[in-house]
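Asker: Counting the sequence shown from 1 gives a position; this note's numbering is that position plus 124.
What the hints contain is simulated information worked out from the structure, not anything from laboratory work.
Only a predicted model underlies this, so the values are computations on that prediction, with no experimental measurement involved.
Don't take every hint at face value.
List of simulated lysine to any residue pairs, SDA-like, C-alpha gap at most 20 angstroms [as the list claims (entries may be wrong)]:
1. 410 to 389
2. 390 to 403
3. 562 to 525
4. 557 to 605
5. 605 to 361
6. 390 to 411
7. 364 to 387
8. 610 to 325
9. 581 to 569
10. 222 to 249
11. 222 to 233
12. 232 to 257
13. 232 to 214
14. 562 to 520
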Amino acid sequence: MNIAKNLEISAFHFPDNLALMDEKASLSYRQVDIESNKIAAAIQKTGIAPGDPVALCAPNSNEWLCFYFGILKAGAVAVTLPYAMTRSELIPVLDDCKPVMMFTDDKKFSDFEAIACIKTIISGTSKPGTRHTTYDALILNETGSFQTIEREPGDTAAILYTGGTTGVSKGVELTHRNIMTSALNVARCERSDENDRALCFLPLNHVFAQMHIMNSTIFSAGGLVIQSSFNMELLLKAVKEFQVTKFFSVPTVYIRLLSLPDLKEKLGSIRYCFSAAASMAREVVKEWKTLTGLDIFEAYGMTESASMVTFNHYYRHVAGSVGTAVPQVEIRICDDEGHVLGKNEPGEICISGPNIMKGYLNRKKDTEAAFRGRWFRSGDVGYLDDDSYLYIVDRIKELIITGGENVSPREVEEILYTRHEIEECAVIGLPDKEYGEKIVAYMIPRPGQQIDPVSLKAYLKTRLSPFKVPKEFISVSSLPKSSTGKLLKRELKTRAMEKSDKA
Numbered sequence: 125m126n127i128a129k130n131l132e133i134s135a136f137h138f139p140d141n142l143a144l145m146d147e148k149a150s151l152s153y154r155q156v157d158i159e160s161n162k163i164a165a166a167i168q169k170t171g172i173a174p175g176d177p178v179a180l181c182a183p184n185s186n187e188w189l190c191f192y193f194g195i196l197k198a199g200a201v202a203v204t205l206p207y208a209m210t211r212s213e214l215i216p217v218l219d220d221c222k223p224v225m226m227f228t229d230d231k232k233f234s235d236f237e238a239i240a241c242i243k244t245i246i247s248g249t250s251k252p253g254t255r256h257t258t259y260d261a262l263i264l265n266e267t268g269s270f271q272t273i274e275r276e277p278g279d280t281a282a283i284l285y286t287g288g289t290t291g292v293s294k295g296v297e298l299t300h301r302n303i304m305t306s307a308l309n310v311a312r313c314e315r316s317d318e319n320d321r322a323l324c325f326l327p328l329n330h331v332f333a334q335m336h337i338m339n340s341t342i343f344s345a346g347g348l349v350i351q352s353s354f355n356m357e358l359l360l361k362a363v364k365e366f367q368v369t370k371f372f373s374v375p376t377v378y379i380r381l382l383s384l385p386d387l388k389e390k391l392g393s394i395r396y397c398f399s400a401a402a403s404m405a406r407e408v409v410k411e412w413k414t415l416t417g418l419d420i421f422e423a424y425g426m427t428e429s430a431s432m433v434t435f436n437h438y439y440r441h442v443a444g445s446v447g448t449a450v451p452q453v454e455i456r457i458c459d460d461e462g463h464v465l466g467k468n469e470p471g472e473i474c475i476s477g478p479n480i481m482k483g484y485l486n487r488k489k490d491t492e493a494a495f496r497g498r499w500f501r502s503g504d505v506g507y508l509d510d511d512s513y514l515y516i517v518d519r520i521k522e523l524i525i526t527g528g529e530n531v532s533p534r535e536v537e538e539i540l541y542t543r544h545e546i547e548e549c550a551v552i553g554l555p556d557k558e559y560g561e562k563i564v565a566y567m568i569p570r571p572g573q574q575i576d577p578v579s580l581k582a583y584l585k586t587r588l589s590p591f592k593v594p595k596e597f598i599s600v601s602s603l604p605k606s607s608t609g610k611l612l613k614r615e616l617k618t619r620a621m622e623k624s625d626k627a
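Turn these sequences into a full structure, and let the hints steer you where they fit.
Answerer: Structure (structure tokens):
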């Protein structure tokens, strides 16, 4: 097995279909297959052997994707690093995975010059030094003919770094089997085919963009419209120019789009919308449906599950749920001791299936702690209803314990989102002498709106138990987020505590 064969199969059946469209060029499946063959042959000649780690740390582009599949075709392991990482963040990660080759760009080049394990650095323009070459120079003498190296289904194909709730970057090893399972399930659930075109402006190093969007689109022979970052004007232009049919984004972007006039006309070619990275408030989903006529589909997944674990179906879409388990994947809800709980009883979501990671790179203890037998412990609290639809309550580590009561931040946030004056919000627990933790709500007001804490508190008291009502309401202009738009509550909490200490 080799996940890169999905590209070869799509190129065989649909050679002239456009596979990649970025800001610079459009490439057919035949061209992408040949380009990745050239890369595979070239890196093999540099001494790259099957199983060797080869890193990518660059913005989204056609070249990024060609290099990714070239790495896989050569039997090597694609280590996909966040381009937004600083040098100080990159050093411990590189020491952990020890890549022998790095694909990057000129802006990032200096971050890797002094890293001893990297034998070759590929970037855009020529740099002094024996270890450096350019992308064009690397493949200059290659013909485009290459026999993809066979790998075992359980061999590592890609390593993605995730900080999770701990803040410590861990390398998640995903196998060829993991990625194939994910690609197949996403394509099946979303009814994808060669006529689809998916927009991807989320960073390709992230599990959602890499597995859910990129690999599933290549599997189904669709087209990928690639953008290096989010830009509203370029996004709308790409939707119109390339007749995008599948739109993948995060709640923040959906909220911004809702403020645009003639939204339905601007998104006229789109048949399918999906939201990831953070839970979507029901009020936003309703408003989107009203203005566009489109549902926003959600699922449940994480890096360790190669993206999708559940999907909220077309044929029975249940509001508030993240759907039922996708094929080959099992879910059960357990208590702290690992006992299986009944329907409608909240507990830790545990997952088993061929999509679950091999483990954390060089972290045996962390890997062992993440599993109970064959069951992966997600760290999320949820429950299954009578029809086995999964509902997410919250992250175990984000639950607030105030005055001895457990409070789900998500429950409070859902109520806050019913208020028109609130564009975004985040609820966290901060240390408190009396209650242990006090509930604090941070809110971004909609343009032209003001938030009145007194009336807001009175409103919440009619919708929530008294102990769930925040003690403080703080209006802010922004909230800390990751490069994928995921809200960083840990960072928000750290900032708040530092500010409190100074006061």
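Asker: Take the hints in turn and mark each one as holding or not.
Answerer: Now the hints, each set against the structure:
{"no.": "1", "hint": "410 to 389", "verdict": "holds, 18 angstroms"}
{"no.": "2", "hint": "390 to 403", "verdict": "violated, 25 angstroms"}
{"no.": "3", "hint": "562 to 525", "verdict": "holds, 8 angstroms"}
{"no.": "4", "hint": "557 to 605", "verdict": "violated, 29 angstroms"}
{"no.": "5", "hint": "605 to 361", "verdict": "violated, 25 angstroms"}
{"no.": "6", "hint": "390 to 411", "verdict": "holds, 16 angstroms"}
{"no.": "7", "hint": "364 to 387", "verdict": "holds, 12 angstroms"}
{"no.": "8", "hint": "610 to 325", "verdict": "holds, 14 angstroms"}
{"no.": "9", "hint": "581 to 569", "verdict": "holds, 15 angstroms"}
{"no.": "10", "hint": "222 to 249", "verdict": "violated, 24 angstroms"}
{"no.": "11", "hint": "222 to 233", "verdict": "holds, 17 angstroms"}
{"no.": "12", "hint": "232 to 257", "verdict": "holds, 14 angstroms"}
{"no.": "13", "hint": "232 to 214", "verdict": "holds, 11 angstroms"}
{"no.": "14", "hint": "562 to 520", "verdict": "holds, 17 angstroms"}
Consistency note: the structure conflicts with the earlier hints numbered 2, 4, 5, 10.
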